[in-house]
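Asker: One-letter residues, chain by chain:
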Amino acid sequence: MSATTSGVKGDGVRRLRRIPAEPGIWVFAILDMLIFAEMFGIYGWYRADHYEAFHAAQSTVIPAFGLAYTVILLTSSWLVVLAISAARRGALDVADKLARGGLALGVSFAVLKLIEYGTKLGQGITPVTNDFFMFFFVMTFVHLLHASVGIGVLVYMRRRIRALSPGVSSDAKSMGVIETCGIYWHMVDLLWIVLFALLYLRG
Amino acid sequence: MTRSTPNEAEELEMTSTGRVDPDSYDRRLEWLGGWSGIAWVIICGGGFGASGLLPVWSPSTKPGELAAHLSDIKYQILIGMLLVLVGGLTFLLTWSLTLAYQIRKYANSSPLATGVLILTGLTGALIGMLCGVIGSAMAFRVDTLAPDTTQLLYDLIWFLFLIPWPPFMLWQTLTGFAILSDANKQTMFPRWTGYFSLWAGALELFSALSVFFYNGPFSYNGLVTFWVPGVSFFAWVLVMAIVQVRRLPLARAALAGESSTDQTPNDDTELQSIRIPSVAGI
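Chains X and S are the protein sequences, given in the same order.
Numbered per my numbering, the first sequence spans residues 1 to 203.
Numbered per my numbering, the second sequence spans residues 1 to 282.
Pulled out of the complex, with its shape left as it was, chain S reads as follows:
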């Protein structure tokens, strides 16, 4: 990076040892990427809330009754789905890429793990997009469609939300194992976030039950099948994103300390003390 103007020079960050941090652009993107996870939770969760589709109606509802209800809240659904598209597609994409990048940078540098994390994150974002598109199409045509076709589209929204669980499980468990690996420096991701990821990944499995039941806690609107994986996934993104945002300065400082150790071995005593050797709080 060249320092052409004084303003640009001012924008460059100073590390705690007084050195100029040359990649403050990267730092800002990491910071924004972490925040985009928090934004995803608020916008995508808010989108579903605003759409009036929550709580989900039972799969055994009569098609005519469901179609009449959906017709009543048509514009609410369209606005909610718009928010789901912004949150579900855009912010899940930026956040999942940031997570994959930071896992590689601070936890485990396996290129294969990075690749799988990027692809599973992309899959998650595409699923969010499909929910939004199908929900919009359903609301768009609700007044002229046959009620059982409307119900099929309604089923599709929730099936998309729930039953493509395997890549989500892979995403969360791989994140968990990368964090628990010995290579993890624990500056960004403390070990408890690894166990937390494994827990959230395990719960994805409940979604698989939703195709077998038409009512009760294991159907697609059920307390176990819908709310457990749904809430745990949102909680996972929120907790990880908060950790990413809050620990970013510390993690970067420790990394800068490490690279300066390689060049000037006696220069990093101050930064060494910043490293977090144990499972501390966020």
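Chain X extracted, bound-state conformation:
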């Protein structure tokens, strides 16, 4: 834990601005998002070059899937935020239920994604069909891998919440770990919103 995260209350010392979670996770999140940003940039480049072809291919994507994922992930992220805040005030049962909800939604995102891949492949659409679907499959699959790791992270977060002592305000170190898990999940959510706009919304 960084010295800047020592949120000791009432110690009479002017508190430094607190960095949520462990500072190291921000190294990971920012570098990871940079790589996605690179992919988004290349996608934009290709799309501008072959606008008609991309537009035609995009019309076969079902926007309802995209909307469903967005709602699922946003709700999941919101439940995780509520779970962390419940854990912080020591309401562990509530926190556990909320985390379980966030986790269930995360799993349903992955299952729905596989169903969508199944329908696409069933129609004979694969990553080598055209450039749009190359980007579609690769970017959403890389995101799905992030989400799968995220599901593991949420399982771990739930275990850490259950390991806290009930009824007391949680210690800074455990809360740091729990928040770190939450930040990873929000990153998955944030990346999805960009993917949704790029791949599912027709401009």
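Calculated from the structure, these hints are not laboratory results.
It is possible that some hints are incorrect.
[Said to hold, decoys possible] Heads up, simulated DSSO-like pairs for lysine-lysine below, C-alpha to C-alpha not over 27 Å straight-line:
id: 1; chain 1: S; residue 1: LYS185; chain 2: X; residue 2: LYS173
id: 2; chain 1: S; residue 1: LYS74; chain 2: S; residue 2: LYS62
id: 3; chain 1: S; residue 1: LYS105; chain 2: X; residue 2: LYS173
id: 4; chain 1: S; residue 1: LYS105; chain 2: S; residue 2: LYS185
id: 5; chain 1: X; residue 1: LYS113; chain 2: X; residue 2: LYS97
id: 6; chain 1: X; residue 1: LYS97; chain 2: X; residue 2: LYS173
[Unchecked claim] Among chain S residues calculated to face chain X with C-beta under 10 Å, some are:
id: 7; residue: LEU93
id: 8; residue: LEU97
id: 9; residue: LEU180
id: 10; residue: ALA183
id: 11; residue: THR193
id: 12; residue: PHE196
id: 13; residue: LEU198
id: 14; residue: TRP199
id: 15; residue: PHE206
id: 16; residue: PHE212
id: 17; residue: PHE213
id: 18; residue: PRO217
id: 19; residue: VAL224
id: 20; residue: TRP227
id: 21; residue: VAL228
id: 22; residue: SER232
[Claimed, not checked] Residues from chain S that keep clear of chain X, each with C-beta distances beyond 10 Å, as calculated:
id: 23; residue: LEU29
id: 24; residue: TRP57
id: 25; residue: GLU65
id: 26; residue: SER71
id: 27; residue: ASP72
id: 28; residue: LYS74
id: 29; residue: THR94
id: 30; residue: THR114
id: 31; residue: THR123
id: 32; residue: THR149
id: 33; residue: LEU152
id: 34; residue: LEU153
id: 35; residue: LEU170
id: 36; residue: ILE242
id: 37; residue: LEU255
Note that CB positions come from ideal geometry on N, CA and C, so glycine has one too.
Fit chain S to the supplied structure of chain X, relying on the hints for placement.
Answerer: This is chain S only, laid out in the frame that chain X set:
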């Protein structure tokens, strides 16, 4: 260690408490090992640069066109591959061993983790060697080989560079988890280097895409498939090696302080203050 001559005695290092450090040989090897990582980045990266093989040509290039180009830069390739062999094989070997040793010494002492780190590092060095050998063989015979055979050898260089990604991912993620474990004293490896390793390890996965596409950003010369894992791996070695070199004196001093605590509990107040309890800079 016996102090037979005054010169040897002079070479022995003094710690900040005035004690003689008996294993200055080990300290020097650790220092050289860290530097060999920096040397790897410069020599192996420079080797690929000097070979004229970068930027990589598209997998969908016509064999005749590719073979003619490779024939033009034959001697450049041979010299570049020589550098790749020095850097890719020798220095990656010394650096990966140093990393495994230092992870064990300063971060996590699990013997299994040490074993896996040594073996994955060895795998990385062998892959570097194979790139150099196949590249040399390709250039050596480029004037007499059928163009599609030359192209196959050319494919092999980049496939070797990219698609054996699983041990690399294991290497980097295991390093990351060892650094993030509670056992890590953080004197040598601050926690952010753990997250950095996990990030670099995750990006190795992009290499897997290269077998599916013949052009575009996901083919073996693509911006995503080639440059992302390639640059992140080189960046990982460079950043870790710089951390290893710069934090070595501090990490060793803290370790010496700890062992002296075991023997003489009241003797280490000065060294205690050297330990780095938080995520500080390099």
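Asker: Next step is simple, just say for each hint if it's right about the structure.
Answerer: Verification of the hints:
Pair hint LYS185(S) plus LYS173(X) holds up; C-alpha atoms about 16 Å apart against a cutoff of 27 Å. A hinted pair counts as satisfied when its Cα atoms are at most 27 Å apart, and LYS74(S) with LYS62(S) qualifies at roughly 18 Å. For the given pair, LYS105(S) sits about 24 Å from LYS173(X) by alpha-carbon distance, which is consistent with the 27 Å threshold. As the CA atoms of LYS105(S) and LYS185(S) are separated by approximately 9 Å, the hinted pair is consistent with the 27 Å bound.
The suggested pairing of LYS113(X) with LYS97(X) holds, with an alpha-carbon distance near 24 Å, which does not exceed 27 Å. For the proposed pair LYS97(X) and LYS173(X), the alpha carbon gap of about 22 Å is at most 27 Å, so the pair holds. Interface restraint check for LEU93(S): the shortest CB-CB distance to chain X comes to about 27 Å, outside 10 Å, so the restraint is violated. With 10 Å as the threshold, the beta carbon of LEU97(S) stays out of range of chain X, its nearest partner Cβ sitting at about 26 Å, so the hint is violated.
This hint holds: LEU180(S) has a C-beta 8 Å from the nearest C-beta of chain X, less than the 10 Å allowed. Among the interface hints, the one on ALA183(S) is violated; its C-beta lies about 15 Å from the nearest C-beta in chain X, farther than the 10 Å criterion. Look at THR193(S): its Cβ gets to within about 8 Å of chain X, closer than 10 Å, so that hint holds up. Checking PHE196(S) against chain X by beta carbon gives a least distance of about 6 Å; that is within 10 Å, so the hint holds.
A hinted interface residue such as LEU198(S) counts as satisfied when its beta carbon comes closer than 10 Å to some beta carbon of chain X; here the least separation is about 6 Å, so the hint holds. The criterion of a C-beta within 10 Å of any C-beta in chain X is met by TRP199(S), whose closest approach is roughly 5 Å, and the hint holds. For PHE206(S), the interface hint holds, since its Cβ comes within 10 Å of a Cβ in chain X; the closest pair sits about 8 Å apart. Because the smallest distance between the Cβ of PHE212(S) and any Cβ of chain X comes to about 7 Å, under 10 Å, the interface hint for this residue holds.
Below 10 Å, beta-carbon pairs count as interface contacts, and PHE213(S) has one with chain X at about 7 Å; its hint therefore holds. Interface hint at PRO217(S): satisfied, since its Cβ lies 5 Å from the closest Cβ of chain X, which is below the 10 Å cut-off. Proximity of VAL224(S) to chain X holds as hinted, the smallest CB-CB distance being about 6 Å (cut-off 10 Å). Interface restraint check for TRP227(S): the shortest CB-CB distance to chain X comes to about 9 Å, inside 10 Å, so the restraint holds.
At about 6 Å, the closest approach between the beta carbon of VAL228(S) and any beta carbon in chain X falls short of 10 Å, and the interface hint on this residue holds. Here the hint on SER232(S) is kept, as its CB sits about 8 Å from the closest CB of chain X, short of 10 Å. The beta carbon of LEU29(S) sits about 29 Å from the closest Cβ of chain X, which is more than 10 Å, so the claim that it is off the interface holds. No Cβ of chain X approaches the Cβ of TRP57(S) within 10 Å, the least distance being about 19 Å, so the stated non-interface status holds.
For GLU65(S), the condition that its CB be more than 10 Å from all CB atoms of chain X holds, with the nearest at approximately 23 Å. Its beta-carbon lying about 32 Å from the closest one in chain X, SER71(S) satisfies the requirement of being farther than 10 Å from that chain. No Cβ of chain X comes within 10 Å of the Cβ of ASP72(S); the nearest lies about 30 Å off, and the non-interface call holds. Interface exclusion of LYS74(S) from chain X stands, the closest Cβ pair being 33 Å apart, more than 10 Å.
Residue-level check passed: THR94(S) sits 27 Å from the nearest beta carbon of chain X, beyond 10 Å. Chain X leaves THR114(S) outside its interface by the beta-carbon criterion, the shortest separation being 23 Å against a cut-off of 10 Å. The claim that THR123(S) lies off the interface holds: its Cβ sits roughly 23 Å from the closest Cβ of chain X, which is beyond the 10 Å cut-off. Against chain X, the non-interface label of THR149(S) holds: every CB pair exceeds 10 Å, the least being about 26 Å.
The beta carbon of LEU152(S) is kept farther than 10 Å from every beta carbon of chain X, the shortest such distance being approximately 21 Å. Here LEU153(S) stays apart from chain X, with its beta-carbon at least about 25 Å from theirs, past the 10 Å limit. The non-interface label for LEU170(S) is consistent with chain X: the shortest C-beta to C-beta separation is roughly 15 Å, beyond 10 Å. No beta-carbon of chain X is positioned within 10 Å of the beta-carbon of ILE242(S); the least distance is around 15 Å.
The beta carbon of LEU255(S) is kept farther than 10 Å from every beta carbon of chain X, the shortest such distance being approximately 22 Å.
Violated hints for the displayed structure, listed by number in ascending order: 7, 8 and 10.
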